[in-house]
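Could you build all of it, start to finish, from the sequences and the hints given here?
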Amino acid sequence: MVLAESGFSSPRNDAFPAGLRVLVVDDDPTWLKILEKMLKKCSYEVTTSCLAREALNLLRERKDGYDIVISDVNMPDMDGFKLLEHVGLEMDLPVIMMSVDGETSRVMKGVQHGACDYLLKPIRMKELRNIWQHVFRKKIHEVRDIESLEGFESIQMTRSGYDLFDDGHFLSGDDTTSGRKRKDADNKHDDRELSDPSSTKKARVVWTVDLHQKFVKAVNQIGFDKVGPKKILDLMNVPWLTRENVASHLQKYRLYLSRLQKESDIKNSFIGMKHSDLPSKDSTASFGPHKAMNMIPDDVPNSTYSFSASNSQAQNVDLKGQGDLKGITSAPMAEPKGALSVDIRDSHEAKSTQMSFDHSLGSVDSAVSFASFNSTTPLQYPWTEIPEIQFKQECESLHLENGFSQLPLPGPSMIENEANRSRIEVKPLLDDCRSNFVEHLGPVGAEDLFPIQSKSQSLNNQVFDLISATKSSMKTQDVGLNYLADSEFALRNLNASGVGVPLATLSEDLQICWLQGDCYPMNYGLQDLECSTYDNPALMAETPFHLYDVLRFDHEHLFDPAEYYAIDQGLFA
Amino acid sequence: MDLVQLQRQFVDYRTSLYHEGFLDEQFTQLQELQDENNPDFVVEVVSLFFEDSERLLNELARALEQQSIDYKRIDAHVHQLKGSSSSIGAQRVQKVCIAFRNYCEEQNVEGCLKCLQQVWHEYSLVKTKLESLFQLEQQILTAGGSIPM
Chain S
1 MVLAESGFSS
11 PRNDAFPAGL
21 RVLVVDDDPT
31 WLKILEKMLK
41 KCSYEVTTSC
51 LAREALNLLR
61 ERKDGYDIVI
71 SDVNMPDMDG
81 FKLLEHVGLE
91 MDLPVIMMSV
101 DGETSRVMKG
111 VQHGACDYLL
121 KPIRMKELRN
131 IWQHVFRKKI
141 HEVRDIESLE
151 GFESIQMTRS
161 GYDLFDDGHF
171 LSGDDTTSGR
181 KRKDADNKHD
191 DRELSDPSST
201 KKARVVWTVD
211 LHQKFVKAVN
221 QIGFDKVGPK
231 KILDLMNVPW
241 LTRENVASHL
251 QKYRLYLSRL
261 QKESDIKNSF
271 IGMKHSDLPS
281 KDSTASFGPH
291 KAMNMIPDDV
301 PNSTYSFSAS
311 NSQAQNVDLK
321 GQGDLKGITS
331 APMAEPKGAL
341 SVDIRDSHEA
351 KSTQMSFDHS
361 LGSVDSAVSF
371 ASFNSTTPLQ
381 YPWTEIPEIQ
391 FKQECESLHL
401 ENGFSQLPLP
411 GPSMIENEAN
421 RSRIEVKPLL
431 DDCRSNFVEH
441 LGPVGAEDLF
451 PIQSKSQSLN
461 NQVFDLISAT
471 KSSMKTQDVG
481 LNYLADSEFA
491 LRNLNASGVG
501 VPLATLSEDL
511 QICWLQGDCY
521 PMNYGLQDLE
531 CSTYDNPALM
541 AETPFHLYDV
551 LRFDHEHLFD
561 PAEYYAIDQG
571 LFA
Chain W
1 MDLVQLQRQF
11 VDYRTSLYHE
21 GFLDEQFTQL
31 QELQDENNPD
41 FVVEVVSLFF
51 EDSERLLNEL
61 ARALEQQSID
71 YKRIDAHVHQ
81 LKGSSSSIGA
91 QRVQKVCIAF
101 RNYCEEQNVE
111 GCLKCLQQVW
121 HEYSLVKTKL
131 ESLFQLEQQI
141 LTAGGSIPM
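From first to last, the protein sequence lines are chains S and W. At position 510 of the first sequence the residue is numbered 510 (UniProt numbering), and the sequence of numbers has no breaks. At position 105 of the second sequence the residue is numbered 105 (UniProt numbering), and the sequence of numbers has no breaks.
One or more hints might be untrue.
[Said to hold, decoys possible] Taking lysine-lysine pairs in the DSS-like style, the calculated list, with each CA pair at most 27 Å apart, reads:
hint: 1; chain 1: W; residue 1: 72; chain 2: S; residue 2: 262
hint: 2; chain 1: S; residue 1: 82; chain 2: W; residue 2: 72
hint: 3; chain 1: S; residue 1: 139; chain 2: S; residue 2: 109
hint: 4; chain 1: S; residue 1: 109; chain 2: W; residue 2: 129
hint: 5; chain 1: S; residue 1: 138; chain 2: S; residue 2: 63
hint: 6; chain 1: S; residue 1: 262; chain 2: S; residue 2: 109
hint: 7; chain 1: W; residue 1: 129; chain 2: W; residue 2: 95
hint: 8; chain 1: W; residue 1: 95; chain 2: S; residue 2: 126
hint: 9; chain 1: S; residue 1: 82; chain 2: S; residue 2: 252
hint: 10; chain 1: W; residue 1: 95; chain 2: S; residue 2: 109
In case anyone wonders, no lab produced these hints; they're calculated from the structure.
Structure representation (structure tokens):
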């Protein structure tokens, strides 16, 4: 039973805390009625639900429709703690738990899962009067972070954009090294730089895509098992970030990963997303912000793949740890089949703001990724646009062969970097990719995208490595679905071995890869762009990052000027 | 009986319910929540409680009749009943629930059955008493008077 207030209100007016929009979830009808009455007496705007799932749907439907959630711990359809996790990660709203059971262990569990308070039933009205403090506190923290980010973002965006447009740099083979170096330098710079300005538009944006990437990168460097907020903070080298910020984010991240891990098996079965299936934007969305996902038009088949390009920044591609990848993959995997969306929903849906994006995007450095992810609405376009552009670009820039275009491998520099870290050897990949690839990509118009350079090297092994490398970095590139775990894409893209391996097969492979957790030779045709130019330094130089390619190649005929513009906007929004 | 007498009777009766532990502070809260917007708030909430409790009690009876008893399920139901009774301040029912849960934990079927009986008993008592209280209220209102706080 949902008793919604008439219409959906926009964010509170100035009479705060009056008008605070509260969502109450409790399976006990008596309590639900009482709480509703109590909250109304506090001049709050109350919505009730006796089902956790329904509550989640309500929250997802209107991302900004509520200020705080109060939920009972024991509910028949879903554990209150699970709901708590979801809300914390997806919507980042304060959640208050309630229960008639006041055992310390339960309360502790609540706090551990992120509850900002734990109320014991019977609840008195005076306890409800002050719940606004949790909302207020969060706002303050967000504002603080946003303010500190503001300056950074604009600089960073500019830089990213600049890099992307630095044609010379990525085009020439000789520049591979220098490009890489530059990337590294830029990367370091980025740490000190401001975050995406678009993030300032959102009230809740604290962890931008870029920031989260840094976070993940740090986590991976330290080793997921050994992380601690202090270590991460030190590695991230983001001056304005506090240990508390990192600690709370780490907590959420951990919960998120553990959930994804559990569900990865289920998801794995969905992994064999076909190309055409990829554009299940909605599913991807589950990974990332809902909005953004919806934005990815299904009619932009390429986008799913190309989007990953947004990962473009190889540098920022963090080699995500296994956990990370897995986490990511599981979500995206499911999508293509449609089941994914379901799964994703069940599993932890990516936070609309950053987490998911970060995962999927890997090192999405481009402003676009930021833009799209960070801002709820406007940026979506750029995002969706980008994939297309990327594809096209790649096709253009790479010499199409049988409909293959060289997949822009994540840049030689990137690859090399990755390789260094993750034993990636791209070259072999290319060959395999090339042979198998394009044909199978089919549906999504992958033909253009399969820029897999076929160098006649067996890519399987490489794919293996590459997958690991690309997982984190290229993930989104290939898949276009930022959300998709990198590995997923890596698999897809690498598709080294199977000659004529149909997408379905690829799916299986992908599944296998996933199940096995990591780099396995992907017999997926390169659906996307990445694999292409490893062998050819020139080529490699050309396509360091998808995104770069996109930006770099002004193949207008490949996409509408409008798209380009959109991307442009997105990048530099 | 005239209005004043009715009102006095009402107050006395209500006080006794508190003294005897049938109701607690929570019930007072409910009464305070009632206002012009929801003139029947307390009655509505209590009705919900009756409905929910009876459902739970039936579930409990069913569960305890099974060949192999699912204590987890029983515990869940009792927990719900406990929460529900706390909502209107049905203290005695709540107390029995606590004992009931202990027996569940021990997987003591005898203890559970005994508690089920007790909880039924306490529930019936509080239900009867609340219904009487509401009847008195109604009489006062019908007589044109107001309910003393």
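Hints numbered earlier in the text: which of these fail when held up against the supplied structure?
Going through the list in order, the structure violates hint 4 alone and respects the others.
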